[in-house]
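J.: Now for the letters of each chain:
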Amino acid sequence: MLEANQLVKHYGSHEALRGVSLKVEPGEIYCLLGANGAGKTTTINLFLNFITATSGNAVVNGIDVAKDPLGSKRRLAYIPEQVMLYGLLSGLENLRYFSTLGGRDLSDDDARELLLQAGLAANAAHKEVRAYSKGMRQKVGVAIALAKRATALLLDEPTSGLDPKASNEFSELLVQLRDGGAAILMTSHDLFRAKESGSRIGIMREGVLLNELVSSDVSHGDLERIYLEHMSG
Amino acid sequence: MSRPHRLLAEVALLRHLPGIRTLASLLIALAILATVSGLSRLSTYAQTIEPLQTAEQETRSALRDSMRRFESSESATMATPLAAKPGALGFTVLNEYVVIKRPPLAPLAAGVSDLLPNYYRFDAHAAFLQRRAGTIDNPLRLAAGSFDLAFVLVFLVPILVIALSYDVMSREKELGVLALVGAQGVSIRRFIAAKLLIRGLMIVTAIIGVNVIAMAVIGTFSEAPMLISAASWTLVAVFYGLLWFGLAALTNAAGFNSATNGVILANLWLLLVIVLPAVINMIATNVYPAPSRVDLTTELREASTEAEERAAEAREQYFFDHPDLAAGDVDQEIFYRDVARGEDDIAQSIEPWLRRFEEQAQRQGEVVAWMKYFSPALLADQSFATLAGTDRNYHAQFKVAAFNYHTDWRKFFVSRLENDIGMTGDGWSQLPAFNWSPPHAGKQARRVLVPAAVLGIMAVLLLCMALIKFRRYSPV
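Chains as they are written, first to last, in our numbering: chain A, 1 to 233; chain B, 1 to 476.
Hints are computed from structural coordinates only; laboratory data are not their basis.
There's no promise every hint is true.
[Stated by the list, open to error] Looking from chain B toward chain A, a few residues come up when the C-beta cut is under 8 Å (computed):
{"id": "1", "residue": "V177"}
{"id": "2", "residue": "A179"}
{"id": "3", "residue": "G185"}
{"id": "4", "residue": "N286"}
{"id": "5", "residue": "I468"}
{"id": "6", "residue": "P475"}
{"id": "7", "residue": "V476"}
[Stated by the list, open to error] Listed below are several chain B residues computed to face chain A (Cβ distance under 8 Å; list not exhaustive):
{"id": "8", "residue": "H16"}
{"id": "9", "residue": "V181"}
{"id": "10", "residue": "Q184"}
{"id": "11", "residue": "S474"}
[As the list claims (entries may be wrong)] Simulated restraints, written as ranges between beta carbons of each label pair:
{"id": "12", "chain 1": "B", "residue 1": "S474", "chain 2": "A", "residue 2": "P164", "range": "27 to 37 Å"}
{"id": "13", "chain 1": "B", "residue 1": "L268", "chain 2": "A", "residue 2": "H14", "range": "33 to 43 Å"}
{"id": "14", "chain 1": "A", "residue 1": "T54", "chain 2": "B", "residue 2": "A266", "range": "35 to 45 Å"}
C-beta: ideal position from N, C-alpha, C; glycine also.
In isolation and in its complexed conformation, chain A is listed as follows:
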C-alpha cells in the first residue's frame, strides 16, 4: 500500500507540493496526470525518500519512508521514465546486479525466467544493454521489480516515448502486477493509457491534487475534457 498524507515540499520560495494526500491500495493502479511541473515526480521522489518532505509524510506498506527509508524500500520497486542500467552489462547481468543490491542473489536460470516473464525476448538477455531499446530496458526494470517481489511500485512516466505496441505490452505487465496484489502509483501524460490501465486517476496542477476519478466511471472523452478544464482553469 502507498499513502501520502498532506505532503508539502518547498524548494526555497517555490512550493512544489502543497498538501497532497492520496492512497493506493493493493491491487490498484493509481495514475497521476498533470502538466510538467505539476509535482508528479516530486511525489514519487518523496515516496522514495530521495528528497525530504517539508511537512506531511509518505508511507509504503505501513512504513513511514522518512523514519525507515531502507525498510520502506524492501518491497518497493521503482521504474523511472528512462530505466538507466549499466550499458556494458547484459540485461541478465543488470538484473542480477540490482537484485543483489536489493538483497536477492539470482541464479542465471532464475534471472532468465524473470526476464521472460517481463516480456524480454530470450535472445536479448545476454546482449549488452546499450543496444536495448527503451521498451527493452523498461522490461528489465519490470524484471527487477518481479525479482524483488515488490508489493508497491512507483512508475515515473514509464510509457513516455514508447511506441504504441511497446506501451501496450508494458500496460499489460502492469495489469499482471496489479492482479498479483501490487499497489502501483504511476505518473503519466498519456490519458488513454491512464484510462486503460489505471484503477483510479488523480489530476495535479501546481503542486495540488485537484481531482480524483475512478477510471471505470469516466469515458476517454470525459477524462480528456476534465483534464483540460483543470489545466486551463
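For chain A, the structure is supplied; the task is to place chain B on it using the hints.
T.: Just chain B, lined up with the frame of chain A:
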C-alpha cells in the same frame, strides 16, 4: 544483502569499466620502460668511470714496477724514478677516483644524481681546486628530467587515478543508475562506500603491482636489507595514489557533473604537481639566494696573486740561502711544496666565501625540507629519492666523506714533501684508500617515515571528508 555479495557485485562491475585493461597495460608498460631507463642511466655512469679507473690502475702498476726495479737495482747511476717523487705523483700523475655507492633502488629515482657528481677525481691539490667530475649528460634529458619509476608514480599515476575515478559517482548519477540503486533498499552511503572501497583497492593493487614488477626487474628482492626500503617505497606510492583518489572522491562528493570533476582534478594536478614545487623552489632560492660567484672568483684571484707573491719571495729567500742551487734547474719537488703552501693560504682566504655558499645551500635545503609538506608531489618525489639514495642529503654525506678522504690523500703527499721523504715501495702500499659506508637502508627508510605518514593522513582525511559529504549525496 550481505556486504561481501555487494562488494563482489562491484568487482564484477569493474570488469566492464571502460578502458580499464588499456590503463592497466599502459601502467605496466610505463613502469617497465621507466625501470629499464633507470638501469640504463646508472649503466652509463658506470661505463664512464670504469675506463678511467682501469687506466689509473695501469698507470699505478707501471709506476710500482719502476719503483721495484729502482729499489732492487744495485746500480748507483740509475736516476730516481717518477714513482719516488711524492710532489710529481700527488700533484700531476696520480688521480684518485672516488665513486658514490648507491642502494639497489637507485635505478627507480634519478633524484639529483644527474645534477650532482657521481664521483670525484682527486689529486693532491687543495680541495677548492678539485673540480667536480661526472658523466656529461644529454642536456635535453637534464632539462626534461629523467624518465624513471618515481616520475611515473609522481606525475603519471595521478593522471591514471583521475582517469579511473573522476566520475566514480557522478557518472552513476548522470546515467540515472543511482536512482535505481537508491530504490533497491540499499543505503546510498554504503553503496558509495563499497564503490569507493573497491575502486580504491583496485588503485592500491595496481600501484603495488607496478612497484613489485619494477623491483623484480632491478632485483631488489635478492637483497634482504633492501626489503625495508622496497616496502617503504611502496607505502609512499600507495599513500600518494590514495591521496589522489581521495581528491577525486571529494570532488565527486561535491555533486558536480563528470566534466566539471575532470576539469577540477586536472587543475589540481597542475597545481600540486607542477606549480607548487616550482613555487617552493623559487621561494627557497629567493629567500636564501646563493652568494655572487663573481665575488667569489675575484676573491679567489686576489688570494692566488698574494699566494704567488709570497711563494716567489720564499723561493728568492731559498736561493739566497742556497746559491749553489740557483744556477741549475729548480727541483720540481720544491716547486710542488711551494704550490702546496700557496694553496693552503688561498684556501684560508676563500674559506669564508665557500662557507657562505654551503650555508645558503643548506638554508635553501631547509626551506624546501619543510615547504615540501605543501605539495604532496614534492613530498613523494623526495621520499623516493631518499630511498633510492639520489637525494641531496645522500649526496651531501658522500661529498663530506669524499672531501675528508681528500684531506688524507693530500696530506699523504704534502707531508712527504714538507719532510723531504721520497716515495718507496712501502710508501706505495700505504696510499690511503676510500672506505665509505653509505647510510643504512633502515636509516633511509626512517627518514621517509614522517612524509609517508603525512601522505597517508592526508589521504585518509580526504576520503573521510568525501564519505561525510556523500551522506548528503542525492541520487536524483
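J.: Evaluate each hint against the coordinates.
T.: Verification of the hints:
Here the hint on V177(B) is kept, as its CB sits about 5 Å from the closest CB of chain A, short of 8 Å. Residue-level restraint check for A179(B) holds (minimum Cβ-Cβ distance to chain A is 6 Å; threshold 8 Å). Contact between G185(B) and chain A, as hinted, is supported at the beta carbon level, the nearest pair being about 4 Å apart and thus within 8 Å. Here the hint on N286(B) is broken, as its CB sits about 50 Å from the closest CB of chain A, past 8 Å.
Hint status for I468(B): violated, given a least beta-carbon distance of 18 Å to chain A, over 8 Å. Taking 8 Å as the C-beta contact cut-off toward chain A, the hint placing P475(B) at the interface holds, the least distance being around 5 Å. Nearest Cβ of chain A to the Cβ of V476(B): about 5 Å, under the 8 Å cut. The hint holds. With a cut of 8 Å, the hint placing H16(B) at the interface with chain A holds, because the nearest CB-to-CB distance is about 4 Å.
Restraint check, V181(B) versus chain A: the minimum CB separation of about 6 Å is within 8 Å; hint holds. The interface hint given for Q184(B) is met, as the beta carbon of that residue sits about 4 Å from the closest beta carbon of chain A, less than 8 Å. A distance limit of 8 Å between C-beta atoms decides the matter here; for S474(B) the minimum to chain A is near 6 Å, and the interface restraint holds. For the hinted restraint 27 to 37 Å between S474(B) and P164(A), the CB-CB distance of approximately 35 Å keeps it satisfied.
For the pair L268(B) and H14(A), the supplied restraint of 33 to 43 Å holds, since their beta-carbon distance comes to about 35 Å. The given range of 35 to 45 Å is respected by T54(A) and A266(B), whose C-beta atoms sit roughly 39 Å from each other.
Hint compliance for this structure: hints 4 and 5 are broken, all remaining hints hold.
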